[in-house]
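Q: The whole structure should be built from the sequences, with the hints applied where relevant.
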Amino acid sequence: MDDDAPLPSDLITRHPKRARVGTRVARGEPEEANGDKAENQERNSDGSPDPGELEGSPDDFEEIRPKAKLHRGAEGTSDVPNRSEERLIEVIKGDGKHISRAVKHWVERYERNPKPAMVELLMMLFEACGAKYYIKEEFLDETDVDDVVVALVNLARKGEVEDHHSSKKEFKNFKENLVSFWDTLVIECQNGPLFDKDLFDKCIDYIIALSCTPPRVYRQAASMLGLQLVTSFISVAKRLAVHRDTTQRQLNAERKKRADGPRVESLKSRLSATHEQKLVIDEMMRKIFTGLFVHRYRDVDPNIRMSCIQSLGVWILSYPTLFLQDLYLKYLGWTLNDKSAGVRKAAVLALQNLYEVEDNVPTLSLFTERFSNRMIELADDVDVSVAVCAIGLVKQLLRHQLIPDDDLGSLYDLLIDDPPEIRRAIGELVYDHLIAQKFNSSQSDSKGNESEVHLGRMLQILREFSTDPILSAYVIDDVWEYMKAMKDWKCIISMLLDENPLIELTDEDATNLTRLLFASVRKAVGEKIVPASDNRKQYFNKAQRDMFENNRRDITVAMMKNYPLLLRKFMADKAKISSLVEIIVYMNLELYSLKRQEQNFRNTLLLIKDAFFKHGEKDALRSCVKAITFCSTESRGELQDFARNKLKELEDELLDKLKSATKEVIDGEDEYSLLVNLKRLYELQLLRPASIEQIYGDCITILHSFRNLDDEVVSFLLRNMSMDVAWSFHSIINRETVSEGTLSSLLSKRDTLLEELEYFLNTPPEVREGSNSGNQLACWVCIILADIWFLFRKTVFSSTKLERLGYCPDGPTLQKFWTLCEKRLKISDDAEDEDANKEYIEETNRDKVMLVAAKLIANDTVPRDYLAPEIISHFVMHGAGIAEIVKHLITVLKKKCDVSGVFLEALKRAHCRHLELSESDDESLKSKSFQECMNLASRLAGTFIGAARNKHRPEILKIVKEGIEYAFQNAPKQLSFLEASVLHFASRLPPPDIRDILRDVQKRTENINTEEDPSGWRPYNTFYDSLQEKCAKNDGIQDEKERITTRKRGRPRKRRNIEGRRLFDEHNSSEEEDSINTSDQDDAQVEEDEEDDNAPLIHSLKSSAKLRSLRVSRQEN
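Note that the numbering used here gives residue 374 to position 391 of the sequence shown, counting from 1, and the numbers run on in steps of one.
Treat the hints with caution; some may be incorrect.
Said to hold, decoys possible - Derived EDC-like pairs (lysine to aspartate or glutamate); straight-line CA-CA distance at most 16 angstroms:
| id | residue 1 | residue 2 |
| --- | --- | --- |
| 1 | 879 | 938 |
| 2 | 640 | 676 |
| 3 | 98 | 166 |
| 4 | 221 | 166 |
None of these hints come from the bench; they were simulated from the model.
A: Given below as structure tokens:
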């Protein structure tokens, strides 16, 4: 394989045009062009066609849309003679049932009188391309192919063509019928006219010439026919090859009997004729390849390129004796770099089919060496379908051991890629290659248990992800569908219990195997084990639900007797216990009674209860509470009573431990026991209410009396108190009648909790980088306060019997709340102490703080006058997560009220922060704060885009006018507000409004000498100059639009005629062909611009909505 990969035109010269006798010279005969620009261009270093090399129509060709009614060409055309039989084009336009009969009749006519039949066939060819052109019989031999093609191009320029390849209903079967016609014609002619060196030679000349013309409709039809002819020729060539081999065997056998004779001579003659016919058919295929394929495989139209590559794949696969060589294979390799995903996918699929055949592999060795790296790269293609196909191709290469394992490192990274289709494909590859080792004949699983061997290999993979359970879950999810061993529950349990182990498990392996068991159980019952790309609810059909239920049954049967053994063995291991305990949630508990395994159920519950009090980690506690709660609700009969009793015992024992722990703290002892039991209580209250009235007073006493408690202990005290208030609140709301005592008790708990929270607002915890506990306590104070305010918001209880429950914080309290929120927002989540406990870190990050604050505004819990501008002023300061929350809040506010006042106030507060920082000596800090002001204004102004500008024009104008007023209140100190904030809104106003604004600001500076403080007045000058430039630009655009509109009203300007040129000359230039790319792109751009100009307004609205849904921020110039 030539690494330099020259352009195909360099490798294979176009077949010279056939000699013509008595060529008729038409008026305006095209001149020959000099040079061959396309064929002198060089390829990229990797051998792929450069995008600029794609062929299409020339620059000076303007393809006019086809007219509804077709007209005959005035020059060189005439009406078609009437025939008693149906015309060929009508047969093709029909349902296709009469194609075979029509072809047979045409062949009979051709054999009787070739010229009329040839004219009829060529007319059908032209009409299939969309043009009507007639050649007179008497001039058929003298007619020049190039002259006809130039005339056809002129018809296309005039719009006198019809596109049969469109999606119109009447052309539904046209392509299939056209291909079928020519295929049938080749088969029907294989014993006669196919080899007369006139019929198909002439047809091929016209097809190749039409495939090189500028009109895309000609190229599409001609390319399709040319590619199909090669496919049809292959079937004939294969038949001839079989016939030749048979004749050769017969001749060899006959020669053994006698050296000479009539029989031998007859066989020799037949062998020679068959060989000659095969050479002719091979030559015709080469002619089409060199004249059509090598140009159209790089056509500007991706559909033509894709058809070429698909056909080439079929040719190589079906006729390897001719096409399975590097001369043809390289085109598949080059198109692996095509800019169209469809073309790349076609090349990959073609290669997959080639590597599927064992006999092809040795011949493909050099090709593989040249292009294997690109095949591997395509596994990470931007198009998901291409990437999935490429992964399948890499599997083929591995199966034939054509690439080393070292080249696959980048592929394994795709196990945690976003698109699930890619992850599944890589998972299948990993299973086949690394786990089942299907591609390695030296490996065998004949010894021992196959499931255990596969699980051992899977554990070797999981060792790479031991420190990250989430990544382990991704790997398990990818491979699960293909690895039956993951559903071999008995084998996994046996390995964990070390029953006759084939593989010795390390502690790390045991942890990974426990995670694998838990994840596999969840997958088997239809649960997701990795985050989904969408949040849509899963729906399963009856067959899937039945399968999940059967899996649940199998899991239960396998776990019944072994569950207590597993829990006892790993009771003290915090890395394994949470996964093991939660498995019971996915079991069928009724089987315990049906299988008479009640004692194992009781033992399992007792062990889960023991695990709850043995561990203090979040995951273990949450799993235990979830498991016991599930058993108390889903089990039946005596087992349910037992589970409920154990749950009650657990709650009572926990409260006793809490009493003891609080007494120890009051007595001055260690806080650890209190902290652990508070965690247990919190996890319990997340799922069900717990009666903590008896310890509620002790919690208040500890908070009051011991202000130096550890921040984590304080946060869990507050959390448990808030959970108790929330459960009490819901119990009252769900009752029809509420006693005064119950209502008073709830109000007392709420007020007591609010007092404690307000204490932390008045004396906030230390919030700083690296102080994990202080930051978490500040977060929890903000979160709990917001939740309580939201729960008891006045808008819910006003004018009801429970109006007393309504609550709204006063202004000072709200300001202190936001001050604490701001302190937490300034601390990056990445700045937390690495050694600190991060169990609840996700529940106390900056996004959570901003979310609860925004919820107060969105649900009208507190007045929006103060808090809404403060929240919005932080729009662009803290990353994408915060920005997304603020964006949704703005969307809610726009539906409720006029946001101009909120936006203006937010801009002012951001500007005030900048003014405070501008007094410092840190230039980078000042520059950063000014940039934040500009970014905020840009994002807020960006919410008024498209049609929303006109709708919200009064709001924008209000922001601009009041912003100018604010800027001039303390000029020149506050003038930077004009440049940083007002300018972004003013530039979105129409020119008349902008001129009014310019007059206003100019009037404000009439009696002021701005030269006294040039730096202070610089923002004003920038603001004024920018708006003036905007006005001038809009005026220029408007003038240009008027000129364009005026020009469009007249007739379209004629572009200069293309001078035709000889398409089959030996020294023919392909400059016209190479210029197709530019012209087609220009034509497409003009059409696109015209469509955009004429598009209804609703299309713009839909487009804007789509962009917003994709979270694409648009910046307007």
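Q: Would you pick out the hints that fail for this structure and give their numbers low to high?
A: Hint 3 is the one this structure does not satisfy, whereas the remaining hints hold.
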